[in-house]
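Q: Note that the protein sequences, when read in sequence, are chains A and B.
Positions 0 to 466 (numbering that gives the first Met the number 0) are the ones given, in order, by the first sequence.
Positions 0 to 365 (numbering that gives the first Met the number 0) are the ones given, in order, by the second sequence.
Honestly, I wouldn't trust all of these hints.
Said to hold, decoys possible - To give an idea of the chain B side of the interface with chain A (calculated C-beta under 10 angstroms), a few residues:
| hint | residue |
| --- | --- |
| 1 | Ser85 |
| 2 | Ala96 |
| 3 | Ser100 |
| 4 | Leu102 |
| 5 | Cys107 |
| 6 | Asn138 |
| 7 | Met179 |
| 8 | Gly346 |
| 9 | Lys348 |
| 10 | Ala349 |
| 11 | Ile352 |
What the hints contain is simulated information worked out from the structure, not anything from laboratory work.
Bear in mind the structure is a predicted one, so any value in this text is a computation, not a measurement.
Beta carbons are placed, not taken as given, at the ideal position from N, Cα and C, and that holds for glycine.
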Amino acid sequence: MSDENPPIEPGGTPETGPEPGKGGMLPVHPDALRADREAAGPDAVRQPADTPAPQPKRTLGQAFLDELWADNAFTVTLLAIVLAAIVGAVLMVLGDEPTRQQWAYFFYQPGKTLSASWDLVSSAYGNMFKGSIIDPDSFNRWIWGVDNVTWQRVMYPISETLTFAAPLIFTGLASALPFRAGLFNIGGQGQAIMGAIGGATVGFAFSAPGATAWILSTLAGALFGALYGLIVGVLKARTGAHEVIVTIMMNYIALLFLGWYILQKGIHDPNRPDAISKPVHPQAMFPKIFGPTATDAGLRANLGIVLALLAAWGVSWLLRRGTFGFELRAVGYNQDAARTAGMSVGLTLALTMGLAGALAGLGGVTMVHGDARALSADVVGQIGFNGILVALLGRVKPWGVVWAGLLFGAMTAGGLRMQADPGISTELVTVIQALIVMFVAAPMLVKAIFRLRKSPSSAAHVGLAQG
Amino acid sequence: MGEETVLRPVRGMKIAAVAAVSGLALVAAACSKPAESPTSGSSSGGTAYKACMVTDTGGIDDHSFNASTWAGFQKAKSANSAIDISYVSSTSMDQYAPNLSNLAGKSCNYIQSVGGLMGDATVAAAKANPKIQYSIVDNGNGDQANIFPIQFQTQQAAYLAGYLAAGYSKSGKVGTYGGMKIPPVTIFMDGFVDGVKKYNEVHGKNVQVLGWDKDKQDGLFTNDFVKQDAGKQKSDALAGQGADVIMPVAGGAGLGTAANAGSKYVVIWVDADGCNTTQYCSVILSTVVKNSTDGVADAVSKAATQNGTLLTNTGFQGTLANNGVSLAPYHEFDSKIDAALKAEIEGLKADIISGKITVSSPAQPK
Chain A
0 MSDENPPIEP
10 GGTPETGPEP
20 GKGGMLPVHP
30 DALRADREAA
40 GPDAVRQPAD
50 TPAPQPKRTL
60 GQAFLDELWA
70 DNAFTVTLLA
80 IVLAAIVGAV
90 LMVLGDEPTR
100 QQWAYFFYQP
110 GKTLSASWDL
120 VSSAYGNMFK
130 GSIIDPDSFN
140 RWIWGVDNVT
150 WQRVMYPISE
160 TLTFAAPLIF
170 TGLASALPFR
180 AGLFNIGGQG
190 QAIMGAIGGA
200 TVGFAFSAPG
210 ATAWILSTLA
220 GALFGALYGL
230 IVGVLKARTG
240 AHEVIVTIMM
250 NYIALLFLGW
260 YILQKGIHDP
270 NRPDAISKPV
280 HPQAMFPKIF
290 GPTATDAGLR
300 ANLGIVLALL
310 AAWGVSWLLR
320 RGTFGFELRA
330 VGYNQDAART
340 AGMSVGLTLA
350 LTMGLAGALA
360 GLGGVTMVHG
370 DARALSADVV
380 GQIGFNGILV
390 ALLGRVKPWG
400 VVWAGLLFGA
410 MTAGGLRMQA
420 DPGISTELVT
430 VIQALIVMFV
440 AAPMLVKAIF
450 RLRKSPSSAA
460 HVGLAQG
Chain B
0 MGEETVLRPV
10 RGMKIAAVAA
20 VSGLALVAAA
30 CSKPAESPTS
40 GSSSGGTAYK
50 ACMVTDTGGI
60 DDHSFNASTW
70 AGFQKAKSAN
80 SAIDISYVSS
90 TSMDQYAPNL
100 SNLAGKSCNY
110 IQSVGGLMGD
120 ATVAAAKANP
130 KIQYSIVDNG
140 NGDQANIFPI
150 QFQTQQAAYL
160 AGYLAAGYSK
170 SGKVGTYGGM
180 KIPPVTIFMD
190 GFVDGVKKYN
200 EVHGKNVQVL
210 GWDKDKQDGL
220 FTNDFVKQDA
230 GKQKSDALAG
240 QGADVIMPVA
250 GGAGLGTAAN
260 AGSKYVVIWV
270 DADGCNTTQY
280 CSVILSTVVK
290 NSTDGVADAV
300 SKAATQNGTL
310 LTNTGFQGTL
320 ANNGVSLAPY
330 HEFDSKIDAA
340 LKAEIEGLKA
350 DIISGKITVS
360 SPAQPK
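With the rest of the complex left out, here is chain A (with noise of 0.2 angstroms):
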């Protein structure tokens, strides 16, 4: 991939310099250099900076140590985190009126008006830490048996990161993968409707004993996406239509099909005044995780997470090592080749769209059967428009994927405490995350802030360029 699209190198800065001729060596760097020699000991010094050996090899040490400060993958997107969570504590400064207000005496009271923003911006990124990940203080009444804290409470943030993650790893998927066949699925939304849609049905419409209930309307929902996406994939492959705009089109059709259907006789709860359908039957639910008591203390997560990681490790294997997954990637390289090596590149696209829709339909299974139970019109949120920075974040490989939706679940669980404690918009946690992508798409200009050198594994630009 990355070899294929060499990254156009800014020019000569003295950080980044021209890529090393001979046989793989590392940068020319003298930071790169005192580091590797403090890492290795006396070995080093046998082997001087200006003797290249022809075949180094690094130990982990080195390698972490080389890797640390420069453009890979992993730094770039750290270091975009890093970027965002910048901006967006200006931004909060800047929202909070009396933080605002303060700055008005800056010349003042300098060091009460940089405590104040600080005060601000850590409590937020404080709560939202507690409210994603683990709060302190209820772990340590747990710990000490104080209050009465149970060890669900102390699970609570975590749970609620998993339940926000599952269907942001599967629309995320079901936008990653057709961008390895080049193709934009802006479906997410209308493939996840559909999916709830399918999934809801059959989970009220049929009462199934134990866990075939679910497994029936989880394999409804995926039939009712992968078809919704098939659709694209075949006006795609047979008319050229390009799949961004029908997919944004699709979007409305699902999305207007829903607030009609929940509305029918026989779909809509008569016993309920709002816009609801019934709701499905206790055992097509999820399991949830923590076990079935752990709802009463509001552990959320479910099943749904399981799924996602186990289609994550789907989509990875077809990838890697399935003939599709082959197929599908050379379709991505160039169509034309592939069509040459005897491939259908028609049956691939359509395929790929197919198996898109079943990702995203799991996705809006997930929303129904993890947590909703019945259809509303917005039972989906925004999951599908969210799984596209989810992938793009995951540089469109199913692993990095599931990183990216674990961030943003946590993000979103994160940022609901974060509004409910120092008072700050749940906004900023989507213009946090919009900011996140934008600085991992623009991998050059946090490589410029942050003056990284080049990667020897040069990982970072992998992905993005595609499509």
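For this one, chain A is given, so just place chain B on it according to the hints.
A: Same frame as chain A, but now just chain B:
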């Protein structure tokens, strides 16, 4: 693929970073024994009374019940400065439960939710925190003692509006459309139809209502509460069929109707007095007011004064009698409406209050 092997060092670093972070978290957590917290219930001393609200997905500035509920909070705050108000918003339905739970953790004394879709989440939260006063607008309380329901017999005020529209119409046709076929919308349309029917009975006329059939419970809907062009489209259709008074029950989409009224038709607005909340006073004949602002403000103020005791769970039923619903002043149309018609409407209002006339709708709260 090559990248899998070259990425391995990074993966090692990732593991190291994760280990470091979790180590830090544990170190931060495992400090000395914390003091017993007194704030596990509601009343935490005589300081501020914390009233908190969770919006639904419409957001705080939806020109509808989120906005009017928040206005109620602000009104309660301006009357009693010991009330500390705040809100959190929900951008999707799966945020209702965590939002309610976070507010309970923030030791709010009073937690307000809005709309039927938040009903289940509110009941679950109220069960988990029996000492906190909950309240919900436009929904029942599911027999949960610590939820104070705030509901409205909106059909009573809509009935007066229907009578007014029929009396004002020159063409003999009036129209209405809704945002979505759900009871909080159709309740307006039912009352409106009955009011027109009453006018026809009293005056022996045959004024027709376009856009809603009360018996069949079917009519014209935008299926959207935001898009103004959707509202314009529906009102153009109604005006095309001859309607010269139109009542949009579609939130912000109704603005499209008001903006394009010109001299073709006049508008009856809903929820909050359109002369105060929109810039189209010159075309607004009157408004069917659903006074959730005062309903909420009263509930918050009362709950704050009797902090520690729960409100009675019978809740608040807004009617013409307690001014919970009303027909707004005629503003710029005051001189254009026949004095006799105004007097008849006042008479009908008195009859509804006294119980001589009952206005009913399948959508009314029980």
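Q: Please check whether B:Ser100 passes as an interface residue: C-beta within 10 angstroms of a C-beta belonging to chain A.
A: With Cβ-Cβ at 5 angstroms, under 10 angstroms, it holds.
Q: Would you settle whether the hint for B:Leu102 is holds or violated, based on the nearest Cβ-Cβ distance to chain A being less than 10 angstroms?
A: Holds, about 6 angstroms.
Q: Restraint: B:Ser85 near chain A, CB-CB cut 10 angstroms. Satisfied or not?
A: Holds - the Cβ of B:Ser85 comes within 10 angstroms of chain A, reaching about 6 angstroms at its closest.
Q: Against chain A, is B:Ala96 within 10 angstroms by beta-carbon distance?
A: Hint holds; B:Ala96 Cβ to chain A Cβ min 7 angstroms, cut 10 angstroms.
Q: A closest beta-carbon separation below 10 angstroms is what the hint needs, so does B:Ala349 meet it against chain A?
A: violated (30 angstroms)
Q: Please check whether B:Gly346 passes as an interface residue: C-beta within 10 angstroms of a C-beta belonging to chain A.
A: violated (32 angstroms)
Q: Can B:Lys348 be said to touch chain A, with a Cβ gap under 10 angstroms?
A: Interface hint status for B:Lys348: violated (26 angstroms vs cutoff 10 angstroms).
Q: Hey, does the B:Asn138 contact hint survive, CB to chain A under 10 angstroms?
A: Because about 8 angstroms separates B:Asn138 from the closest Cβ in chain A, which is inside the 10 angstroms limit, the hint holds.
Q: Under 10 angstroms is the threshold here; is the Cβ of B:Ile352 close enough to any Cβ of chain A for the hint to stand?
A: Constraint on B:Ile352 not satisfied, violated at 25 angstroms.
Q: Holds or violated: is the Cβ of B:Met179 closer than 10 angstroms to a Cβ in chain A?
A: It holds, given that the least Cβ distance between B:Met179 and chain A is near 6 angstroms, below 10 angstroms.
Q: Hint check: is the beta carbon of B:Cys107 less than 10 angstroms from a beta carbon of chain A?
A: holds (9 angstroms)
When each numbered hint is compared with the structure, violations occur for hints 8, 9, 10, 11.
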